[in-house]
Amino acid sequence: MAIMMPASDQAVLARRSEIVAALRAIVPGEGVIDTPAEMRAYESDGLTAYRQPPMVVVLPDTTEQVSLILKYCAAHGIKVVPRGSGTSLSGGALPLEDGVLLGLGKFKRIREIDFDNRVVVTEPGVTNLAISQAVAHAGFYYAPDPSSQIACSIGGNVAENSGGVHCLKYGMTTNNVLGCEIVLMSGEILRIGGKGCENSGYDLMGVITGSEGLLGVITEITVRILQKPETARALMVGFAEVEAAGECVARIIGAGIIPGGMEMMDKPAIHAAEAFVRAGYPLDVEALLIIELDGPKIEVDELITRVETIARGCGSVTLQISSSEAERNLFWAGRKAAFPAVGRISPDYLCMDGTIPRGALPKALARIRELGEKYQLGCANVFHAGDGNLHPLILYDANKPGEIERAEAFGADILRACVEFGGVLTGEHGVGIEKRDLMGDMFTEIDLNQQQRLKCAFDAQGLLNPGKVFPTLHRCAELGRMHVHAGKLAFPDIPRF
Amino acid sequence: MDTLKVRDAKDVEEVVRAAIANEQPLEIVGHGGKRSIGHAMATNAVLDVSALNAVTSYEPNELIVTLQAGAPLADVLSLIDAKNQQFAFEPVNTAPLLGTPVSGTIGGMIAAGLAGPRRIKAGGARDHLLGAHAVSGFGDSFKTGGRVVKNVTGYDLCKLLAGSWGTLSVMTEVTLKVMPKPEAERTLLLRGLDDAAANKAMTVALGSPYDVSGAAHLPKSALRTRTDELGDIAGQGEAVTALRLEGITASATHRAGSLRELLAPFGAATLIEDAASSVLWAAIRDVLPFAASGALGAWPVWRIVCPPASGALLGTQLARETGGDVIYDWGGGLIWAALPPKADAHAPSVRQRVDAVGGHATLIRAVEDVRRSVDVFHPQAPGVAALSERVRASFDPKSILNRGRLRRATA
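As you go down the protein sequences, you meet chains A and B in turn. Take 1 as the starting number for the first sequence in the UniProt record's numbering and just add one per residue. Take 1 as the starting number for the second sequence in the UniProt record's numbering and just add one per residue.
Each statement offered as a hint is correct.
Derived lysine-lysine pairs resembling BS3-like cross-links, with alpha carbons at most 27 Å apart: (1) B:Lys121 x A:Lys228; (2) A:Lys363 x B:Lys143; (3) A:Lys363 x B:Lys83; (4) A:Lys297 x B:Lys121; (5) A:Lys169 x B:Lys181; (6) A:Lys228 x B:Lys200; (7) B:Lys83 x A:Lys169; (8) A:Lys363 x B:Lys177; (9) B:Lys181 x A:Lys297; (10) B:Lys121 x A:Lys169; (11) B:Lys177 x A:Lys228; (12) A:Lys267 x A:Lys400; (13) A:Lys363 x A:Lys169; (14) B:Lys177 x A:Lys169; (15) B:Lys181 x A:Lys228.
No lab work stands behind these hints: they were computed from the structure. None of these values were measured; they are calculated from a predicted model.
Bound conformation, chain B alone:
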C-alpha cells in the first residue's frame, strides 16, 4: 500500500484530487497511534500528515496557538507548558490504553476529540478548536472559524471536525485556545464507597459552589491490577473517589476545606496536593487501570458517555452482568468499562443498558475480529444517522477520506 507523506497543504490537495479521480480512498494518519479505533477501512493508500509538524505561531498573551496538524502532541504540550499554559480539556493520551508507542499528533487529538477529567468544567476538544484549515473530499482547501475566541461568523464547522475521526476533511492547520495552568491543585480522596454512594458524593460535589474540576471513582476491583502510576492510592486495596479543586493556592485550599465538610456524610476525606494529585488525574485521564500492559490489557474497553447521575447504576449493572471492571470520570458521566474477552465484546448488553439511560458507547479497544462483527460507534436513530450521512457527504461525497471507519461494512 502506498504511503504518501505530504509536505504542505498543496500536496494534500493534490493527493486528495488524485484519489478522487482514481476512486482510491485514503487513510489519513498522523503518528498512527489511534488506527485501531474504528472499523477496518476500505482504503488502499495512506496520506501521512506527520511531516506537517510546524508550530505556525504561539501567542501566550492572546491565549492561542496555531499548529500544523501533524505537530506532535507531546512537543506542543512542552512548548505551552514552558509558558505555564495548557489545553484545558486535558487531551487523553491513548498510547498506554491502546499499547502504542506514541502519544500522537495535534490533528489526531482533534479528530478523536477525547477529553480528560476537566471536560466537566472546561469543555472538550470541540470547545477549544477556534479555527482550522482543511482539505475536503472535494480536494479543496477551505478555512473555518478564526484566531479569536469570540466568533459567530458563519457555521461553526470546527465543531464537526472535532471528533470526526478524519472522515470529513484532512486538517492541515488548526488554531487552539490555551489556558493558564492553575497555580495549585488539591484533591480530596474518599475511600471505600460503593459505586452508588460515590456517584451521590460526586453529584453533591459538582452541585456545590466549590468549582470542582475533576470527579472520578475507581472501584476496588478496578484497582486490583496495581499500576505503578497510581502508587499509594491503588495500594490500599479500597475504592477511591477523587474530587479535584484547582486555582490560586488560597482558594483551592479553602474550597478543599469547605468541600470536605460538605462531604462528611460520605466519610472522612484525605487530601493530596499538586504533584501527587496530578499523577492521579493523569492516570484517570489515560485510563491506566486498563492499560494494555496491565492485567486487563487483553480485554476489550468501552467508553460510555451518559447522564452523570445515571453512571453508577449503569456501571454496576455492566460489571455484574459481564464480570468486567469499570471506572468513572466526569462525575459519573464517563464510564470506561473493561469487559472479559468475548466475540461480541458484550455489545448487546452494553448498548441495551446505555440506551436505557440515554447515552452512547464506543468500543475504543478491541481486536480486529471483534470490530468486524460489532458496531464500534453507537448506532444512531435512523433520522440522525441519515442526517449525519448527508453531513458527511457534504464534505466528502465520494467517501475518499477514511472510508468505512465509522460504519461497519455489512456483508
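This is chain A alone, in the form it adopts within the complex:
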C-alpha cells in the first residue's frame, strides 16, 4: 500500500474483545460483525486497490444506537470509519486496523414524502435511485445522478457531495440538500436545517456536505425533489480534432444554452465502448460529444436545432439526433458503460477525477498524451465536458511488476496538471486517501490548517475517519495556537479617515 495510514493504537487493539462486547451491548444480535470471514465484505470500497480489514463492524439501526456507539468510542479513544454502500472511488470508507467500521446500511427507510414542500426526508442508507423511484408516480425525481446511483446511498452522496451527468444543469448534492440529523463524535445528536430553503446561522449543512465522513455521522437527510422534465433528446456529434469538440462545448455554453448533460469521449474510450455495447459510435473520429437537452418539447426541439447549427459551425464530421427514447438511450449506452468497457480492454485501470476550466480542455488532453508516452501506459478519456470534469482511465496490469506504481504516478501528474491549468484535484469523487497526498499541490499549509481547525470544531479528538483528506494530522491544540507578537502593535501605515 503506497498510502500511509495513521499508526494503529496497540492499546486499542489489545482491548478488542472488550470493545466488541461493549458494541454488542449497544447493538444486539447480528448488528456486530467480528469474524475475519464476515468482515471481508467491508475491507475496501470502490477504490479496490486498497484493502484493510477493520477491527470490528457495527451496523446500528437507530440514531440512538449511533449516538451510543460514538459516545463509547469517544470515551475510549477509538477511531471510527463511517460507511454507506461502500461505492466511494477515493477510499473514503477504507477501514482502519484499529477502527470501528460504522455501517449505515440498515438506515433504509424513507421517512416522509412531502410533495407540497417538494422534499423527501430519508434515512442515509436509502439508495440515490430509490428516492427518485419513490416519488416517480407523481412526476418528481431527485436530480443528482452519480453513475453508481443504483447502489450508492444518499448518506454517502452527502458525505462526498456527489455529482453526476446532469449536475451541469441541476447542481451537485450540495445544491439539492436542505437539512440533516447528524451525530457528532461526542454522541451529541443535532438537527441542521429543515424543509425551508435556508438554515439559520452559519451554513453548517453546506460544510457537512462533502466533508467525507470526517465531521459527523448523518442519520437523516432532507433532499429537495424536482418535477421531471417533459422530454429529453440527445445529439451525438463526432469531431476530427479534440480542439474542435472543445470549441463546440465553449460555443454552446457561450450561446447561453445549459444542456442537461454534455459528455465527451476520446478515441480510445469510443473504441472500447463501441466494442462493448455496439451503440453505433463513429470509430474514425478523435472526439465524440453526447449533448442532451431536456425540458418542454417545444424548447428541446428549438435547442436541438441551435446546438446542431453550432456543432456544424465547429466542423463536426458526424452528427446524429435522437428521434426516439430508444435511440437516445443507445447514444448514452456506450458512455454509461465506458468504465466496464475499458475494463475489458485492460486487466486493470485507475479512474481519475480532476476538473479544469472548460477552455483548458485541448491543453489538458495534449498533456495527458505526453504523460502517457512518458509512463508508457494507455489512457482512455471520458469527461463531463460541460463542467470541465475529466475522468482519464489509466490502463495498467497489476500483475506486471512496477505498473501500478507507474499508473499512480501518471495519475498524480494528471491531477497536478489540472491544478496548473487553473482547476482542482477532484470534481466529484472526493479526496479520500487517493488524492490526500496531493492536497499540498493545491493548498498551502495555512489553507489546510484552516480546514483542519474546522474539523476540530466538530471532532476535537480527531477520531472520526482519520487518515482521509489531510496529508498531515495536527493536534487541535497546536492548530488553535495564536502567534501574537509581543507588546502593543500600532496599526500599520494604512490610510485612515
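Starting from the known structure of chain A, arrange chain B on it as the hints suggest.
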C-alpha cells in the same frame, strides 16, 4: 474611531494582526449599507475594504467572474449584463429597504447572502460562490474552493463564508458563477386571492413541470402603500399572485399557456412580459412595498424563512396578531413582515409562530434601541448554537471580526 482603508490583502493581514495583538476588535465594512443589520458591535476600529474594488478577471465563456471583495455590486452587474449574463440568485439590493444610498459591494452581498425570487430554482449566494481568498481571525490569508463549478477538494468553506455577516474572515477576493440571462420572461398574475388560496396556487405551480422561477404573493393590504415601481400592478387595489417563467421565447410562452390552464381553478390569469415583468420581480426582490421611503418605512421588518407550504398560515397569523403587513416570496417559503412599531418588534409572537412551523426569523430592519433588546438572528437549539460558536472560533478565536454582530450582548 479609526477607519483603516486597506489597499490589498497584505494590508488586511497587517490590520488584523495588529488588532489581535492589541485586542482591538474590528468592524468590517464595504460601502456600509448593511451596517444596521445585526447587533451593535463591540468594535473600536473599522476595516474598510471598499478600495479593494478591482475586477480580477471575467471569463464569460467559463461562466465565472473573479472580483475583489470591495467591488461595487452595481458596477459588477453592469459588467456582466453587457455580456448578457447575471448572478442567477438575484442578490437583494437592501438600499431601498434600509434607506441607505448605496447598493453595496460584492463582499457585502456574499456576507449577507440575501437571495431574491429565483432562489427556489437557482439557489442562493452560497450556491454561486465557487472560491474565495480571505484573511481569518488568525491574521492569515487562506483560500478555499477554486475557479471551477465542479469541485469537492477539501471542506467547502465557501458555504460558511456566505451568510456569515463578516464574523469568520475578511474576504479579499471571490470567484462567482455567472449564468446566461434568459431570453424571455413571462409572468402570470392572479388577482384577488387570499393568502391561503395564493399559497395553494403557488404550490400547484411549483409542483408542475413548467419550471417556475418566481412565485410571490402580495396581499391587498401590503399594496395599500402604492409604490411607483409597482405601477399598475399595485394600482388595481387587489391582491396579486405572480408566477414567473423564463427561458427561450417559444418555451416561456408555451409554459405560460400551460400553467394558465393548470391554474384556472384559481381564476383567470393575466400575462405580463419582459420589461414589465422584470420591474415587478425587482420590486419583490428588494421588498419595495416596505421601502424606508414608503408609508411603512418606520416599521420594523422581519425576514422569515419557512417550509413553503406553511407560509400563508404563518403570515396571516402574524399579520392578524400584530396588525402588520406581509408579502410572500419563494412560493411561501420567504415572508417579509412589516409590523407596527413596538419596543420588542413583536419578537415573542414572531419567534413562537415561526418555531411552530420549523423556520427562522431575522429582524432585518429595526432601530438600534429595539436591536438592543431583541435577538436579531433566530435563536438556535443549544447544541447547534454551541457548534456554531466552535465553528466561529475555529476561524477567529479572539473574536476580532465583527464582534457581537450575531449575538446580543446580555447584561
